[in-house]
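Chemist: Note that the protein sequences, when read in sequence, are chains A and B.
For the first sequence, the numbering used here assigns the number 70 to the initial residue and increments by one for each residue that follows.
For the second sequence, the numbering used here assigns the number 70 to the initial residue and increments by one for each residue that follows.
The hints are simulated quantities; they were obtained by calculation from the structure and are not laboratory data.
On a predicted model such as this, the values are computed, not experimentally measured, just so you know.
In silico contact screen, one side only, chain A against chain B (beta carbon under 7 Å); selected entries:
| id | residue |
| --- | --- |
| 1 | E140 |
| 2 | R195 |
| 3 | P228 |
| 4 | V252 |
| 5 | F457 |
Pairs of lysine to any residue residues, derived as SDA-like cross-links and limited to a Cα-Cα distance of at most 20 Å, are as follows:
| id | chain 1 | residue 1 | chain 2 | residue 2 |
| --- | --- | --- | --- | --- |
| 6 | A | K440 | A | N412 |
| 7 | A | K321 | A | Q346 |
| 8 | A | K250 | B | T240 |
| 9 | A | K285 | B | K248 |
| 10 | A | K285 | B | Y246 |
The beta-carbon is built from N, C-alpha and C at its ideal position, and this holds for glycine as well.
Protein chains: 2
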Amino acid sequence: MKTDKHFLSIAEAMKQGSGDVWIRGWVWRERGSNKLKFITLRDASNVIQCVIEKAVVGDSQFGIADKIQMEASVEIYGTMKQDPRAPTGYELAVKEFHLVGSSDSFPINKDQSVEFLADNRHLWLRSRKMTAVLKIRSTVFGAIDEYFRMKGFFEYHSPIFQAIQCEGGSTLFEVDYFKQKGVFLSQSWQLYAEPAIFALEKIYTISPSFRAEKSKTSRHLTEYWHAEMEEAWASFDQIIDHGEGVLKHIVKKVLETNQEELKILERDVKKLEPTLQKPFPHMTYDDALVILKKHGMDVEWGKDLRTIEEDVLSKLYDTPIAVTRYPKVVKAFYMKEDPKNPNVVLGVDFIGPEGYGEIIGGSEREADIEKIKQRLIAQGEDPKAYEFYLDTRRYGSVPHGGFGMGVERVIAWVCGLDNIKDAIPFPRTMVRWKP
Amino acid sequence: MKTDKHFLSIAEAMKQGSGDVWIRGWVWRERGSNKLKFITLRDASNVIQCVIEKAVVGDSQFGIADKIQMEASVEIYGTMKQDPRAPTGYELAVKEFHLVGSSDSFPINKDQSVEFLADNRHLWLRSRKMTAVLKIRSTVFGAIDEYFRMKGFFEYHSPIFQAIQCEGGSTLFEVDYFKQKGVFLSQSWQLYAEPAIFALEKIYTISPSFRAEKSKTSRHLTEYWHAEMEEAWASFDQIIDHGEGVLKHIVKKVLETNQEELKILERDVKKLEPTLQKPFPHMTYDDALVILKKHGMDVEWGKDLRTIEEDVLSKLYDTPIAVTRYPKVVKAFYMKEDPKNPNVVLGVDFIGPEGYGEIIGGSEREADIEKIKQRLIAQGEDPKAYEFYLDTRRYGSVPHGGFGMGVERVIAWVCGLDNIKDAIPFPRTMVRWKP
Numbered sequence: 070m071k072t073d074k075h076f077l078s079i080a081e082a083m084k085q086g087s088g089d090v091w092i093r094g095w096v097w098r099e100r101g102s103n104k105l106k107f108i109t110l111r112d113a114s115n116v117i118q119c120v121i122e123k124a125v126v127g128d129s130q131f132g133i134a135d136k137i138q139m140e141a142s143v144e145i146y147g148t149m150k151q152d153p154r155a156p157t158g159y160e161l162a163v164k165e166f167h168l169v170g171s172s173d174s175f176p177i178n179k180d181q182s183v184e185f186l187a188d189n190r191h192l193w194l195r196s197r198k199m200t201a202v203l204k205i206r207s208t209v210f211g212a213i214d215e216y217f218r219m220k221g222f223f224e225y226h227s228p229i230f231q232a233i234q235c236e237g238g239s240t241l242f243e244v245d246y247f248k249q250k251g252v253f254l255s256q257s258w259q260l261y262a263e264p265a266i267f268a269l270e271k272i273y274t275i276s277p278s279f280r281a282e283k284s285k286t287s288r289h290l291t292e293y294w295h296a297e298m299e300e301a302w303a304s305f306d307q308i309i310d311h312g313e314g315v316l317k318h319i320v321k322k323v324l325e326t327n328q329e330e331l332k333i334l335e336r337d338v339k340k341l342e343p344t345l346q347k348p349f350p351h352m353t354y355d356d357a358l359v360i361l362k363k364h365g366m367d368v369e370w371g372k373d374l375r376t377i378e379e380d381v382l383s384k385l386y387d388t389p390i391a392v393t394r395y396p397k398v399v400k401a402f403y404m405k406e407d408p409k410n411p412n413v414v415l416g417v418d419f420i421g422p423e424g425y426g427e428i429i430g431g432s433e434r435e436a437d438i439e440k441i442k443q444r445l446i447a448q449g450e451d452p453k454a455y456e457f458y459l460d461t462r463r464y465g466s467v468p469h470g471g472f473g474m475g476v477e478r479v480i481a482w483v484c485g486l487d488n489i490k491d492a493i494p495f496p497r498t499m500v501r502w503k504p
Numbered sequence: 070m071k072t073d074k075h076f077l078s079i080a081e082a083m084k085q086g087s088g089d090v091w092i093r094g095w096v097w098r099e100r101g102s103n104k105l106k107f108i109t110l111r112d113a114s115n116v117i118q119c120v121i122e123k124a125v126v127g128d129s130q131f132g133i134a135d136k137i138q139m140e141a142s143v144e145i146y147g148t149m150k151q152d153p154r155a156p157t158g159y160e161l162a163v164k165e166f167h168l169v170g171s172s173d174s175f176p177i178n179k180d181q182s183v184e185f186l187a188d189n190r191h192l193w194l195r196s197r198k199m200t201a202v203l204k205i206r207s208t209v210f211g212a213i214d215e216y217f218r219m220k221g222f223f224e225y226h227s228p229i230f231q232a233i234q235c236e237g238g239s240t241l242f243e244v245d246y247f248k249q250k251g252v253f254l255s256q257s258w259q260l261y262a263e264p265a266i267f268a269l270e271k272i273y274t275i276s277p278s279f280r281a282e283k284s285k286t287s288r289h290l291t292e293y294w295h296a297e298m299e300e301a302w303a304s305f306d307q308i309i310d311h312g313e314g315v316l317k318h319i320v321k322k323v324l325e326t327n328q329e330e331l332k333i334l335e336r337d338v339k340k341l342e343p344t345l346q347k348p349f350p351h352m353t354y355d356d357a358l359v360i361l362k363k364h365g366m367d368v369e370w371g372k373d374l375r376t377i378e379e380d381v382l383s384k385l386y387d388t389p390i391a392v393t394r395y396p397k398v399v400k401a402f403y404m405k406e407d408p409k410n411p412n413v414v415l416g417v418d419f420i421g422p423e424g425y426g427e428i429i430g431g432s433e434r435e436a437d438i439e440k441i442k443q444r445l446i447a448q449g450e451d452p453k454a455y456e457f458y459l460d461t462r463r464y465g466s467v468p469h470g471g472f473g474m475g476v477e478r479v480i481a482w483v484c485g486l487d488n489i490k491d492a493i494p495f496p497r498t499m500v501r502w503k504p
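Please model the complete structure; the sequences and the hints are all you need to start from.
Modeler: So, in structure tokens, the structure goes:
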């Protein structure tokens with residue numbers, strides 16, 4: 070290959086709008102006759118229609134172009150011109166055409182089953198839909214980093230290998246750790262984050278978390294990315310504010326950066342805008358039960374809200390909702406008992422709009438070491454295994470709190486996806502660990 | 070607690086330099102008499118000496134202050150003044166003193182064994198040393214993100230659960246995946262990154278990677294953070310340039326952000342500056358062997374460079390060195406054969422200065438599917454298991470390459486640490502998986 074070609078991305082070439090340019094990418098669609106060939110070329114930035122005339126490029130290059138198949142990679146030199154009939158408003162009149170990598174019978178060429186696409190995920194990533202989702206995913210990760218760094222947080226990491234559990238033993242993955250038993254994959258950074266606020270005060274992470282979920286719903290992955298924050302001296306209200314703050318920042322950045330991708334996904338951006346414009350409604354668990362009753366759903370006090378109940382609440386509002394003060398029995402042992410009511414905790418779930426379910430779960434943390442021990446025992450745990458965690462309450466304990474966000478759930482909501490599996494490049498579920 | 074107190078960080082209070090302020094934090098050191106108590110308070114930002122006089126705060130508050138122990142948490146109100154005798158140049162004359170969380174016999178109060186500190190890692194994180202390292206770690210992660218986003222890369226993630234291996238079967242961790250055998254933890258994103266460059270072209274990640282390393286050296290962790298990049302259409306030289314670029318950007322950001330922390334770590338910043346100022350030396354593996362011979366080390370052609378050999382090379386320069394064109398037999402199957410010499414690959418290792426070993430390994434990738442298959446077979450692998458990966462060479466293959474960086478190795482070098490274990494909050498090794 071010549072190294073003196075200066076390549077533009079398709080988006081850059083369209084921005085330039087005229088003159089001769091080199092572009093390169095993959096054949097998205099092709100059709101033609103024995104004198105004229107139309108190739109729609111795609112690269113990471115966009116797609117463009119390229120017109121190849123035998124009379125212009127000559128027999129040899131036209132012969133190659135004529136036989137080209139979907140997903141072959143090519144380098145093209147030609148003249149840019151506006152053309153309202155072309156799919157993206159521009160057309161390239163080709164002067165030179167080079168095949169880089171051929172492609173023979175690309176397996177995904179029409180509508181295929183979900184299972185086939187999952188088996189060929191490595192190829193399906195090239196689709197316009199998945200490319201759009203992956204770009205938005207990158208924006209979401211960047212927005213989370215940006216929000217917490219803007220607010221003075223340090224990025225910090227818990228170990229993935231943990232010899233302890235914090236979110237229920239039934240969803241633990243065990244690792245063969247040099248034949249050692251009892252080493253599991255992280256469900257959350259919680260127990261390893263709290264010790265670090267005594268050093269850094271304000272910390273966040275974006276890290277994989279693992280849950281051996283036996284449910285095959287459209288909302289569960291066994292491996293997902295978990296954005297978590299923890300803050301020393303923070304009140305319950307400050308934790309809730311950060312939840313609202315980071316969700317607003319994510320939506321803001323996606324709307325600023327990814328209008329093209331949202332269009333490809335046919336996402337109605339009007340459904341995202343209220344999240345930016347309005348304060349989120351807050352309600353207690355008790356309030357939620359009253360609202361649900363009005364909608365014909367009787368939830369017994371003390372039961373966690375199920376998906377169907379969250380969905381009813383979520384459809385009453387056009388932004389995420391913060392539901393607070395859940396019954397203590399349904400929440401994790403480290404959540405702080407409400408000083409005004411020992412039956413509930415100062416915990417909050419953010420429920421996404423449009424039925425996207427819980428996207429953030431957080432709380433102020435319990436400061437009373439005896440209460441923590443009692444709740445561990447009530448959950449069938451031996452407090453002795455948690456000694457290192459309990460030390461956080463023994464040596465200069467301070468009020469603090471934090472939350473965890475399921476990043477793929479947020480991406481699924483922002484993109485308007487039917488299934489969380491499309492929010493991550495290679496989804497893992499109980500029945501899917503390949504390719 | 071009153072909510073109308075407006076707290077400043079210690080750094081903010083010192084910047085203000087005078088007047089009355091509220092600060093809060095943990096007791097780092099304390100000494101005193103029955104009328105006067107000196108407390109050095111630390112928070113995430115700095116430390117400051119606080120002087121508590123019984124005559125000022127009264128008997129009750131002085132009584133509490135007098136009995137206070139290391140690592141108790143407190144809120145303090147007082148008058149800031151410059152004092153050249155105080156450890157950080159400022160002193161707070163205390164007017165009001167509140168204990169928040171007591172601390173009884175903090176276990177780490179003098180020099181303790183490495184093993185004791187490892188067992189109490191959750192408390193040792195509070196040390197000035199570990200706090201400084203963790204802040205630099207946060208800067209390093211931010212700098213990696215910033216570099217790749219600046220260069221137009223998308224953040225992308227490979228699965229952690231992989232039913233395939235790419236860096237040698239002996240260091241794989243197997244997971245009990247719903248009783249399914251043959252599911253391992255990621256050693257690298259490599260096989261899952263290459264399929265995505267056909268969608269996004271330029272991608273990077275920062276993710277945990279896992280190696281069941283049986284070596285107990287000061288350079289190995291079983292769980293480490295791996296920054297990886299992959300780029301479509303990139304030449305070998307462009308990959309090397311990105312390696313140099315990201316290392317320079319990391320050092321630049323740390324020098325800009327963390328002068329205080331480098332001082333605490335007694336890091337000689339003069340040893341970091343050349344990395345910013347000079348182009349990195351490049352040499353081939355063959356060149357390296359000649360140099361090593363001059364230094365009395367005979368390496369047989371075809372053997373990988375060992376730690377002791379890398380250390381000799383590293384000490385000849387004051388920046389990282391790029392060593393290129395290693396023998397094919399010692400490098401991964403996906404590295405491109407040098408078109409000019411089929412015995413070597415277009416691979417590069419960046420060796421850190423001061424004996425910090427290999428910090429980046431990368432290459433242009435092999436495009437020839439038959440060569441890849443032959444090398445898989447030569448390594449005892451069945452190419453059938455790699456079908457999905459081989460598809461990247463079947464459908465519109467393009468020249469491409471990338472690298473992986475061991476983030477903790479870079480942190481260890483930048484901080485000047487003796488052991489990589491101090492570059493991560495909770496290090497995991499063959500013999501350490503707790504707390």
